[in-house]
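2 protein chains.
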Amino acid sequence: MTTLRYDVLGIGNAIVDVIARAEDDFLVAQGMHKGTMALIDEARAQAIYAAMGPAVESSGGSAANTIVGVASFGARAAFIGKVKDDELGRTFAHDIRAASVAFDTKPANSGPSTARCYIMVTPDGERTMNTFLGAAQDLKPGDIDESQVANAAVTYLEGYLWDPPQAKEAFVKAAGIAHKAGRRVALTLSDAFCVDRYRAEFLDLIRKGIVDIVFANERELHSLYETADFDSAVKALRGEAKLAVVTRSEKGCVVISKGAVEAVAAEAVEQVADVTGAGDLFAAGFLVGLARGKDHRTAARLGALAAAEVIQHIGARPAVSLKARADESGLIV
Amino acid sequence: MTTLRYDVLGIGNAIVDVIARAEDDFLVAQGMHKGTMALIDEARAQAIYAAMGPAVESSGGSAANTIVGVASFGARAAFIGKVKDDELGRTFAHDIRAASVAFDTKPANSGPSTARCYIMVTPDGERTMNTFLGAAQDLKPGDIDESQVANAAVTYLEGYLWDPPQAKEAFVKAAGIAHKAGRRVALTLSDAFCVDRYRAEFLDLIRKGIVDIVFANERELHSLYETADFDSAVKALRGEAKLAVVTRSEKGCVVISKGAVEAVAAEAVEQVADVTGAGDLFAAGFLVGLARGKDHRTAARLGALAAAEVIQHIGARPAVSLKARADESGLIV
Chain A
1 MTTLRYDVLG
11 IGNAIVDVIA
21 RAEDDFLVAQ
31 GMHKGTMALI
41 DEARAQAIYA
51 AMGPAVESSG
61 GSAANTIVGV
71 ASFGARAAFI
81 GKVKDDELGR
91 TFAHDIRAAS
101 VAFDTKPANS
111 GPSTARCYIM
121 VTPDGERTMN
131 TFLGAAQDLK
141 PGDIDESQVA
151 NAAVTYLEGY
161 LWDPPQAKEA
171 FVKAAGIAHK
181 AGRRVALTLS
191 DAFCVDRYRA
201 EFLDLIRKGI
211 VDIVFANERE
221 LHSLYETADF
231 DSAVKALRGE
241 AKLAVVTRSE
251 KGCVVISKGA
261 VEAVAAEAVE
271 QVADVTGAGD
281 LFAAGFLVGL
291 ARGKDHRTAA
301 RLGALAAAEV
311 IQHIGARPAV
321 SLKARADESG
331 LIV
Chain B
1 MTTLRYDVLG
11 IGNAIVDVIA
21 RAEDDFLVAQ
31 GMHKGTMALI
41 DEARAQAIYA
51 AMGPAVESSG
61 GSAANTIVGV
71 ASFGARAAFI
81 GKVKDDELGR
91 TFAHDIRAAS
101 VAFDTKPANS
111 GPSTARCYIM
121 VTPDGERTMN
131 TFLGAAQDLK
141 PGDIDESQVA
151 NAAVTYLEGY
161 LWDPPQAKEA
171 FVKAAGIAHK
181 AGRRVALTLS
191 DAFCVDRYRA
201 EFLDLIRKGI
211 VDIVFANERE
221 LHSLYETADF
231 DSAVKALRGE
241 AKLAVVTRSE
251 KGCVVISKGA
261 VEAVAAEAVE
271 QVADVTGAGD
281 LFAAGFLVGL
291 ARGKDHRTAA
301 RLGALAAAEV
311 IQHIGARPAV
321 SLKARADESG
331 LIV
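Here the protein sequences come in this chain order: A and B.
As numbered in my numbering, residues 1 to 333 make up the first sequence, in order.
As numbered in my numbering, residues 1 to 333 make up the second sequence, in order.
Here chain A stands alone, though its shape is the one from the complex (with noise of 0.2 Å):
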């Protein structure tokens, strides 16, 4: 048990996230591809916004999604990220806080409003994504608070965060504090699109060793060394990462180390609603796993609870506590 300030940092793009149910032809209509995340700009926003159905808007953006999953494991959670002072990024700051995160980020008083990201979720439970940035791309260097990246046990980092032009500054100056003080440091690949965006730098991250734990799912695991074999690219990444883990959805996921590569099963669902935050939660357990201590497959086994648990209602945060699951598992966190 580690007596630093925090379990877990997390450091992405704050955004609310708009959600609606579609039919399939909704997204051919639209030019979307179905599981992704496409980048939009206002004026796409808008014209999504109009064709979509009745929504509702929750608190989102994918390590913000993990850390308040961090929080709900009962782990000390901190979150640096962007909104700006409107109606949208007080929702985002009251949702954070209200989970128990640390949230000290100053929001942008000029300048685009608070990030969106409207979500349409299919009937088979699969949601695509499109993201306006607006007020996350202002995330700087300058906003990363060096006191608490160095007391926290792990730093977590989303991929996604090489879009927003400057951010990627803030993400290394964050891995070099937690590197100095002795942390660790996380990324998750985020994307399979956003993978073959910025492939050579995180090959580059995990390569210079800026990066120690590396999350990916098989897609984005493909994307990265661009081959559909799942062996070749498990050995690959074998080769190259400290620590990762590759998540393939009802199949579980692998745990790959120097040491050994294992796999653990997922946890059974009865019905999945939506599968938004499946690999964001799965990441809270996982990393609250490892901060206390515990061993790779105890930590998978609380990623995969995490996981079933946000997949079989609407929207990316846990509706119970996680620790109350957890406990119900025989888990100790």
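No lab work stands behind these hints: they were computed from the structure.
Incorrect hints may have been included.
[Unchecked claim] Heads up, simulated DSBU-like pairs for lysine-lysine below, C-alpha to C-alpha not over 30 Å straight-line:
1) A:Lys-294 <-> A:Lys-251
2) A:Lys-34 <-> B:Lys-323
3) A:Lys-34 <-> A:Lys-106
4) A:Lys-323 <-> B:Lys-34
5) A:Lys-140 <-> A:Lys-208
6) B:Lys-34 <-> B:Lys-251
[What the hints assert, rightly or not] Footprint (simulated), chain A over chain B, 3 or more residues, beta carbon under 8 Å:
7) 53-66
8) 79-88
[To be verified] Ranges between beta-carbon positions, derived for each pair:
9) A:Ala-236 <-> B:Ala-43: 57 to 65 Å
10) A:Ala-324 <-> B:Asp-196: 49 to 57 Å
11) A:Glu-42 <-> B:Gly-176: 43 to 51 Å
12) B:Glu-42 <-> A:Glu-42: 28 to 36 Å
Glycine included, each C-beta is placed from N, C-alpha and C at the ideal position.
Got chain A; can you put chain B on it based on the hints?
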């Protein structure tokens, strides 16, 4: 089958719900009366929001929920209500139009922001509401579109309209237009405390025949006649109302007309997640039945079906097509 432009036109407060789970202790600490609606000012709204847990935002408003339910049955629906031209106002307008409801009320350009209702959902699924009326207070007689009212089989009004100072004039104007055109007027009593505030006026509306159809739940009925005895309250209502429906949660409802008092069972539900919108959606089904010339029992069964759908998930509007649900149940809309 009517050839009018609308089956049902609703007039009510245009509100965005801010919904969070809460324990019973929270209600006690905040001095909230479980299961009821309290009116709050902006300062209290901020205090409640700061104290409550992570929330989701979802368009609401009692009559607005009903009208979205009407549209979900495939019936033709319109709504009149006042938002401000702000972020939440645009959210409200988007959601109701995306549900195929005609909504043309001009938004306010100045004055208080769009109305918000802070809803606490306790573990038993009960909801406790706190409404900041904001821009909804600006609904005026001039906002009533005469042609819409004259072309709707039923105009449906919420008792909550007695709270904003000028809305009752809009209400009475709409009732007059409807009757002059030979249409029917329905009223929901909204809330037991609301009945407490306006008992004499609500009785006057019923006695003078300004409303033809009355919706109430048991608590509202008891409040209306200031009695704890259900049978004597039903008898009193039967002596005064042309047609009334009293909803009794899992005990179903009674349809009260001069000719008969008919009990109709509730639909069985697996688990109650959130009762918000139960009464609103019951009214939707009943009104669709009435507008389409069904008998009272069939109308009540459509109401029960809609209420059962909405209480099985978080939020006060249907998550699936009520027309499809009715088809599955062999109820022809």
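Evaluated hints:
no.	hint	result
1	A:Lys-294 <-> A:Lys-251	holds (22 Å)
2	A:Lys-34 <-> B:Lys-323	holds (27 Å)
3	A:Lys-34 <-> A:Lys-106	violated (34 Å)
4	A:Lys-323 <-> B:Lys-34	holds (27 Å)
5	A:Lys-140 <-> A:Lys-208	holds (23 Å)
6	B:Lys-34 <-> B:Lys-251	holds (20 Å)
7	53-66	holds (count 7)
8	79-88	holds (count 3)
9	A:Ala-236 <-> B:Ala-43: 57 to 65 Å	holds (59 Å)
10	A:Ala-324 <-> B:Asp-196: 49 to 57 Å	violated (39 Å)
11	A:Glu-42 <-> B:Gly-176: 43 to 51 Å	holds (45 Å)
12	B:Glu-42 <-> A:Glu-42: 28 to 36 Å	holds (29 Å)
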